[in-house]
Structures are given as structure tokens and as C-alpha cells.
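There are 2 protein chains.
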Amino acid sequence: MPARRNYVYVFDIDSGDRAALDDAPRVRACLADIVASAGLTPVADVEHRFSPQGLSAAILLAESHIAVHTWPEAGAAYVTLTTCRPPAAPDFADAAAGLLREAFGARHVDVRTVS
Amino acid sequence: MPARRNYVYVFDIDSGDRAALDDAPRVRACLADIVASAGLTPVADVEHRFSPQGLSAAILLAESHIAVHTWPEAGAAYVTLTTCRPPAAPDFADAAAGLLREAFGARHVDVRTVS
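Residue numbers (our numbering), protein chains in the order written: chain Z, 1 to 115; chain H, 1001 to 1115.
Just so you know, the hints here were simulated from the structure itself, not pulled from any lab data. Hints are not guaranteed to be accurate.
Claimed, not checked - Label-pair restraints from in silico Cβ distances: (1) Z:Glu102 <-> H:Ala1089: 37 to 43 Å; (2) Z:Gln53 <-> H:Glu1073: 25 to 31 Å; (3) Z:Glu102 <-> H:Val1111: 31 to 37 Å; (4) Z:Pro52 <-> H:Ala1029: 17 to 23 Å; (5) Z:Gly105 <-> H:Gly1039: 30 to 36 Å; (6) Z:Arg28 <-> H:Cys1084: 19 to 25 Å; (7) Z:Arg107 <-> H:Ala1074: 39 to 45 Å; (8) Z:Ala95 <-> H:Gln1053: 31 to 37 Å; (9) H:Ala1089 <-> Z:Asp17: 34 to 40 Å.
As the list claims (entries may be wrong) - To be clear about the criterion: a stretch of chain Z counts as covered by chain H if any three or more of its residues have a C-beta under 8 Å from a C-beta of chain H, and this derived list gives those stretches: (10) 6 to 13; (11) 16 to 29; (12) 73 to 85.
As the list claims (entries may be wrong) - Computed list of chain H residues with no C-beta within reach of chain Z, every gap over 10 Å: (13) Ala1019; (14) Asp1022; (15) Pro1052; (16) Gln1053; (17) Arg1101.
The C-beta atom is built at its ideal place from N, Cα and C for all residues, glycine as well.
For reference, chain Z alone in the conformation it holds in the complex (with noise of 0.2 Å):
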């Protein structure tokens, strides 16, 4: 085992609207408040837009790093979280869950998690 063990969060986002997933500030916005409801503090950040459509972004924190990656001409989305340390509430990934289909009006979100 590694002396210091991390966990990662994958959230797959299906069947969203398009002119969301295209919305940069829109999608920045959501990292925020998955950010804030883990308790994590945001240090530097990347963006990128795709031609003709999409993006990713990075958010470095001190705590390790999330991002997303959106294909809006697929409804599609997927955000991973990594952090040196599980996040302060128990009931973390339901609720980054719960605000990604809000932000991206997503039916489903899928969670996966390494530990």
C-alpha cells in the first residue's frame, strides 16, 4: 500500500441539455459548489473550449484536483474529483450527484469511486 492513499470520484453525466453542457460559466459554476459542499479549497484553475462544441476544465485544489470534460452534442458529461482526503460528508457523492443533474438537467448520473 502507498503511504498515502487518495480517493477519486468518477460522475458520469447522461442525457443532459446540450446548451447547458456548453455553458461555461454554467459548468464552472457547478465545480464551484461541488467544491464548496466537499469542504475543499480551489487554488488555480485551466479551461478549454472545443470547436464547434465543448469543454474541459481543471480545477487544482489543495486538497488534489476536479474536472469535467462535456460532449454537448451527446448530452454528455463526466467530472472526476480526486482528494488526498475523503470529503467531510458522509453523503458527498449523492449530493455532487444531485448537483450535476440540476446544473446539466441530467436524468442520470452515474458514480463511481476508487478507494
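Following the hints, complete the assembly by docking chain H onto the known chain Z.
Chain H in isolation, oriented as in the chain Z frame:
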């Protein structure tokens, strides 16, 4: 199942060289080597140095992203690679682990995958 599946690799570096893990150019070069070895395409990046040591960096890719977080004081780091398509080389994970061992003088690199 979501419409678009993605792949996540987590590499845990243990017992690495403290100076190497705090050497930003070396860390960046190692990530670039892994990206090239996987046949992926960088599009943007971000980096943050922690005080008194340690760094985080993320590279957005045309195919998703790679990120690293280092704890030189513990000889530890981890790298996550997410991609919307599997790396071309079937031995990608082993090759990437080898690059990480070499770059950081680590005795062991543990690999976890989510797919």
C-alpha cells in the same frame, strides 16, 4: 450505462526521491512523456506550487486530462489520467508506471484503473 464511457488510471508513487518530487520541470516533463506515450494531445495546462514544498499540475487533453499531486516530504505522489478512449498501447499502464518510477526514483508505483 452512460452513453460515453471513460477510463481512469490512478498511479500511486511511493518511496520517491524528495528533490525530484519537488522539481517542477521534471514533473512536467514526466507528465509530457506519459501523454506522448499514450498518443494523447495536450491543449492547456495549469500548475500550483505549495509552500514549503509540493506541487499540483493538470494538463487538459483533447481526450480528457492528466494531473499530478506531489508530497515531497513523504516521498509520495499520485497521477491520474482520464481519457474518453483507451490508450492505443495495450501496455500503456505498465509503460506509464515505468516512466514514473524512473522520473521519481520510486521503488514502487501502484496502478488502479476504473472503466
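Hint by hint, here is what the structure shows:
no. : hint                               : verdict
1   : Z:Glu102 <-> H:Ala1089: 37 to 43 Å : holds (39 Å)
2   : Z:Gln53 <-> H:Glu1073: 25 to 31 Å  : violated (43 Å)
3   : Z:Glu102 <-> H:Val1111: 31 to 37 Å : holds (35 Å)
4   : Z:Pro52 <-> H:Ala1029: 17 to 23 Å  : violated (33 Å)
5   : Z:Gly105 <-> H:Gly1039: 30 to 36 Å : holds (34 Å)
6   : Z:Arg28 <-> H:Cys1084: 19 to 25 Å  : holds (20 Å)
7   : Z:Arg107 <-> H:Ala1074: 39 to 45 Å : holds (42 Å)
8   : Z:Ala95 <-> H:Gln1053: 31 to 37 Å  : holds (33 Å)
9   : H:Ala1089 <-> Z:Asp17: 34 to 40 Å  : holds (36 Å)
10  : 6 to 13                            : holds (count 5)
11  : 16 to 29                           : violated (count 0)
12  : 73 to 85                           : holds (count 7)
13  : Ala1019                            : holds (17 Å)
14  : Asp1022                            : holds (15 Å)
15  : Pro1052                            : holds (14 Å)
16  : Gln1053                            : holds (14 Å)
17  : Arg1101                            : holds (13 Å)
The structure shown violates the earlier hints numbered 2, 4, 11.
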